[in-house]
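Here is what each chain is made of, one letter per residue.
4 protein chains.
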Amino acid sequence: MLKDVQAQQDVRHIPLKHVGIKDLKWPLVLKDPKRGEQHSVAVVQLSVDLPKEQRGTHMSRFVECLKELGGVRPSDLEKFLDNLKEKLGARSAMVKLNFPYFVTKKAPVSGIESYLDVECHFRAEKGEKFVLDLGVDVPVHTLCPCSKEISKYGAHNQRAWARMTVRSQKPIWIEELVEMAEKGASSPLFSLLKRPDEKFVTEEAYENPRFVEDAVRDIALQLNADSRIDWYSVTVESQESIHNHNAFATVEKGEE
Amino acid sequence: MLKDVQAQQDVRHIPLKHVGIKDLKWPLVLKDPKRGEQHSVAVVQLSVDLPKEQRGTHMSRFVECLKELGGVRPSDLEKFLDNLKEKLGARSAMVKLNFPYFVTKKAPVSGIESYLDVECHFRAEKGEKFVLDLGVDVPVHTLCPCSKEISKYGAHNQRAWARMTVRSQKPIWIEELVEMAEKGASSPLFSLLKRPDEKFVTEEAYENPRFVEDAVRDIALQLNADSRIDWYSVTVESQESIHNHNAFATVEKGEE
Amino acid sequence: MLKDVQAQQDVRHIPLKHVGIKDLKWPLVLKDPKRGEQHSVAVVQLSVDLPKEQRGTHMSRFVECLKELGGVRPSDLEKFLDNLKEKLGARSAMVKLNFPYFVTKKAPVSGIESYLDVECHFRAEKGEKFVLDLGVDVPVHTLCPCSKEISKYGAHNQRAWARMTVRSQKPIWIEELVEMAEKGASSPLFSLLKRPDEKFVTEEAYENPRFVEDAVRDIALQLNADSRIDWYSVTVESQESIHNHNAFATVEKGEE
Amino acid sequence: MLKDVQAQQDVRHIPLKHVGIKDLKWPLVLKDPKRGEQHSVAVVQLSVDLPKEQRGTHMSRFVECLKELGGVRPSDLEKFLDNLKEKLGARSAMVKLNFPYFVTKKAPVSGIESYLDVECHFRAEKGEKFVLDLGVDVPVHTLCPCSKEISKYGAHNQRAWARMTVRSQKPIWIEELVEMAEKGASSPLFSLLKRPDEKFVTEEAYENPRFVEDAVRDIALQLNADSRIDWYSVTVESQESIHNHNAFATVEKGEE
Numbered sequence: 001m002l003k004d005v006q007a008q009q010d011v012r013h014i015p016l017k018h019v020g021i022k023d024l025k026w027p028l029v030l031k032d033p034k035r036g037e038q039h040s041v042a043v044v045q046l047s048v049d050l051p052k053e054q055r056g057t058h059m060s061r062f063v064e065c066l067k068e069l070g071g072v073r074p075s076d077l078e079k080f081l082d083n084l085k086e087k088l089g090a091r092s093a094m095v096k097l098n099f100p101y102f103v104t105k106k107a108p109v110s111g112i113e114s115y116l117d118v119e120c121h122f123r124a125e126k127g128e129k130f131v132l133d134l135g136v137d138v139p140v141h142t143l144c145p146c147s148k149e150i151s152k153y154g155a156h157n158q159r160a161w162a163r164m165t166v167r168s169q170k171p172i173w174i175e176e177l178v179e180m181a182e183k184g185a186s187s188p189l190f191s192l193l194k195r196p197d198e199k200f201v202t203e204e205a206y207e208n209p210r211f212v213e214d215a216v217r218d219i220a221l222q223l224n225a226d227s228r229i230d231w232y233s234v235t236v237e238s239q240e241s242i243h244n245h246n247a248f249a250t251v252e253k254g255e256e
Numbered sequence: 001m002l003k004d005v006q007a008q009q010d011v012r013h014i015p016l017k018h019v020g021i022k023d024l025k026w027p028l029v030l031k032d033p034k035r036g037e038q039h040s041v042a043v044v045q046l047s048v049d050l051p052k053e054q055r056g057t058h059m060s061r062f063v064e065c066l067k068e069l070g071g072v073r074p075s076d077l078e079k080f081l082d083n084l085k086e087k088l089g090a091r092s093a094m095v096k097l098n099f100p101y102f103v104t105k106k107a108p109v110s111g112i113e114s115y116l117d118v119e120c121h122f123r124a125e126k127g128e129k130f131v132l133d134l135g136v137d138v139p140v141h142t143l144c145p146c147s148k149e150i151s152k153y154g155a156h157n158q159r160a161w162a163r164m165t166v167r168s169q170k171p172i173w174i175e176e177l178v179e180m181a182e183k184g185a186s187s188p189l190f191s192l193l194k195r196p197d198e199k200f201v202t203e204e205a206y207e208n209p210r211f212v213e214d215a216v217r218d219i220a221l222q223l224n225a226d227s228r229i230d231w232y233s234v235t236v237e238s239q240e241s242i243h244n245h246n247a248f249a250t251v252e253k254g255e256e
Numbered sequence: 001m002l003k004d005v006q007a008q009q010d011v012r013h014i015p016l017k018h019v020g021i022k023d024l025k026w027p028l029v030l031k032d033p034k035r036g037e038q039h040s041v042a043v044v045q046l047s048v049d050l051p052k053e054q055r056g057t058h059m060s061r062f063v064e065c066l067k068e069l070g071g072v073r074p075s076d077l078e079k080f081l082d083n084l085k086e087k088l089g090a091r092s093a094m095v096k097l098n099f100p101y102f103v104t105k106k107a108p109v110s111g112i113e114s115y116l117d118v119e120c121h122f123r124a125e126k127g128e129k130f131v132l133d134l135g136v137d138v139p140v141h142t143l144c145p146c147s148k149e150i151s152k153y154g155a156h157n158q159r160a161w162a163r164m165t166v167r168s169q170k171p172i173w174i175e176e177l178v179e180m181a182e183k184g185a186s187s188p189l190f191s192l193l194k195r196p197d198e199k200f201v202t203e204e205a206y207e208n209p210r211f212v213e214d215a216v217r218d219i220a221l222q223l224n225a226d227s228r229i230d231w232y233s234v235t236v237e238s239q240e241s242i243h244n245h246n247a248f249a250t251v252e253k254g255e256e
Numbered sequence: 001m002l003k004d005v006q007a008q009q010d011v012r013h014i015p016l017k018h019v020g021i022k023d024l025k026w027p028l029v030l031k032d033p034k035r036g037e038q039h040s041v042a043v044v045q046l047s048v049d050l051p052k053e054q055r056g057t058h059m060s061r062f063v064e065c066l067k068e069l070g071g072v073r074p075s076d077l078e079k080f081l082d083n084l085k086e087k088l089g090a091r092s093a094m095v096k097l098n099f100p101y102f103v104t105k106k107a108p109v110s111g112i113e114s115y116l117d118v119e120c121h122f123r124a125e126k127g128e129k130f131v132l133d134l135g136v137d138v139p140v141h142t143l144c145p146c147s148k149e150i151s152k153y154g155a156h157n158q159r160a161w162a163r164m165t166v167r168s169q170k171p172i173w174i175e176e177l178v179e180m181a182e183k184g185a186s187s188p189l190f191s192l193l194k195r196p197d198e199k200f201v202t203e204e205a206y207e208n209p210r211f212v213e214d215a216v217r218d219i220a221l222q223l224n225a226d227s228r229i230d231w232y233s234v235t236v237e238s239q240e241s242i243h244n245h246n247a248f249a250t251v252e253k254g255e256e
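Chains as they are written, first to last, in the working numbering: chain A, 1 to 256; chain L, 1 to 256; chain S, 1 to 256; chain F, 1 to 256.
There may be inaccurate statements among the hints.
Think about it this way: if two alpha-carbon atoms lie no more than 35 Å apart in a straight line, the pair counts; the simulated DSBU-like pairs of lysine-lysine are [stated by the list, open to error]:
no. : chain 1 : residue 1 : chain 2 : residue 2
1   : L       : Lys31     : F       : Lys199
2   : S       : Lys52     : S       : Lys96
3   : S       : Lys52     : A       : Lys52
4   : A       : Lys3      : A       : Lys105
Below, a sample of chain L positions facing chain A; criterion: calculated Cβ distance under 10 Å [unchecked claim]:
no. : residue
5   : Arg12
6   : Lys25
7   : Phe211
8   : Val216
No lab work stands behind these hints, which were simulated from the structure alone.
Just so it is clear, CB atoms sit at the ideal spot from N, CA and C, and this is done for glycine as well.
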């Protein structure tokens, strides 16, 4: 019988907020409203608290619990955290899953379908109560209102990201957040555009100039209007095409 | 006279928590307790708040203020933020500087000097009052107590990082935090070790096995004993050499 | 009818070696010898040559061809490149797919199954003839022979990567390359090990010390003995646990 | 006396192309044509060949040689490699230094000075003869000729990179390559622009639309006209603002 060093008593009397594993890659199956399910690859972080009396946690049990998880639906994560807490004798547990997700989109004129990849995360924590955050980094297009206003022709524009994290007790589809992000921007992005589509997107962006300040507020207005959302934080960050640095703007809503 | 689009009135009535620039690379001169000063290259983030009535901020003024900063001493950052607030008509301002810093170290037996690179950051914010955080990611060595205990010989060990952020009103040298991190680990790292040094470091680590839970607590004990430090967060993360994922443990101290 | 600007004649008379797209994320289905198939997410690069008379290529056709690809088997890539060449009127075409792949492994004593993630790539090019490279970055464990020899006890060890690229006309499974990498190292890695497994792996590594120079040669010997392989390049890179930098060694075989 | 394990005879008879260290951060002093010198922080790779009879190289000597290097001038790198070869008993040696470099630039209308950061590298190798490559990744602005041509107003534009590597026996300033890259693009980038500058840059880009194919050819024409340059490879890569993937085009010149 090999000695359980982790179970030793600790005399330093310092409780740990988090102890666990991170940067573990793991296959993931997600619910997809159009196709039923979607496969992805997640980077996983799992942790529990550790009371001040115990020397260490049992790291291998995190991976054992993950093996049992199977397909990931956000609604299953509370049960998963309860299981982690029990297996590790902890009072709180946390899981974070970062993964790319593909949204199917139609080009605006030709109607040709293609994917848009969106970096997403679920972060769930269970101490006394269960808290679930859904995050998406939606790539969008912003065109500068100042550059348009002051220039004879043209306006600098660029790829930008709407980085949204929302907290809710109710189900929210990634696709819903992507749509809000795109409405707040000068134009959406697409992986496949034919010439009539490119004309459409170029003109649409020119007709809808947006500072990062504008885009983040237009997204916040939509989130404010959604009664399912208890809290959110949104940052729009644009890779300014006339600079080698980025511009950003952040709105946060207090939890209610 | 070109129109000032940013100065337009905004009717969406959504105040912005942060608006500014990020991912700007900039040369930096830092105070070095041994060599007087040290040059580095920072990644800079600068932001202010934006009241709900104003459409946009004036992004170019951030870079103008940065040009005037010159050499960076943490004690100068409050004045810098006051300047940002004034130039941008804001109630709060924030600066974050991430940069590599070189600590000069002597090999434990041969005494040969070389550098250890440490990723650092300053994060300063000024609303009503001034808050300054200093962060360091110190690379260290951890050797697993469980692996040592249960194995006939050997023990898995690996590179790890002690990621420390401390809040203080008083000056703290990067070198002081590096020393705390190294005392908490199984052994320090060096860029240059001759064979007698390698023997010393190997045996020292074997004699001082540390879980990430141990290392983070041993660092926390030192931070608790330092009366200058008002708040801290420490994570020790080890790149487990028997897994393709990392283990981590976090302690946070409440602000007093 | 919108003008085809790309089709214009170019007077600069400079042929382009590659023109195309990169950093496109795309879902991927791969053959898996144990489970039939495996889903992953690839980062895709596609390109063709461009003759000196033509101004530009038609970028949207790359994504159109990719949409038709469906599940990826290396043996299908030649047909895919022929299709690219035809659609884009080119004399040569190239595809590179980088993706994580999960190998199922059993812990050495307990026999518990878990995944090991391996970063892989296919790179195929078709000009006159078809050339296909398969690359894998296998995470392994190396233990330093010098540190073991000179120290009273212990030996520094660390996570390392065996980065192998092989060229072949015949099918080679990712699993076969992973096995060669692990045989060349001090020990394999696992995502899930119980205490008896950890004891086994610790002792196995101590009994099989390997410099990066040793590991790369032991892998090269296996590749030399495999008659399917026309060319290879192997680098073993270890994240030295006593330094904050890496050690590496590279062997390349001439094409025959 | 501690045993020299690396010096043992190797019976596997496999010569190593490269063996050495990488990912070592190190402070760097560079020549700057305007300011005399410029400080930066490099990521360093150093290697030598290893004959088939020898088990390992002596890794600590790489760092010892680097300590002696002091300020880096490309013209000093041959002597540095000769030193590496001698200290490590090798027939060939290689050094690669990657570092950010700041070019001082004036805004086009206001004339205000600021920095542009450029990622650079030196790669030098000495076997029989000395070969030195200088690489720069210059951030620039490209505006799409197709989007301009087919749209009623506006045109999508974006940040792009001109990634140039040139081989020469004669000194070439980083500033010279930056100038070529900027001439080949739709417009240069600046870290500080006031409104009249932003108007200028926006209009200049609209008047100079460039596909990546155009930009890379316009840079190649300049490199072809420079008699100091023996070989080059140039890739222009643009972060397409209407897609979430990049476009790229590459020209390579044969060595003469």
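Hints, one by one, checked against the model:
| no. | hint | result |
| --- | --- | --- |
| 1 | Lys31(L) with Lys199(F) | violated, 40 Å |
| 2 | Lys52(S) with Lys96(S) | holds, 24 Å |
| 3 | Lys52(S) with Lys52(A) | violated, 71 Å |
| 4 | Lys3(A) with Lys105(A) | violated, 56 Å |
| 5 | Arg12 | holds, 5 Å |
| 6 | Lys25 | holds, 8 Å |
| 7 | Phe211 | holds, 5 Å |
| 8 | Val216 | holds, 7 Å |
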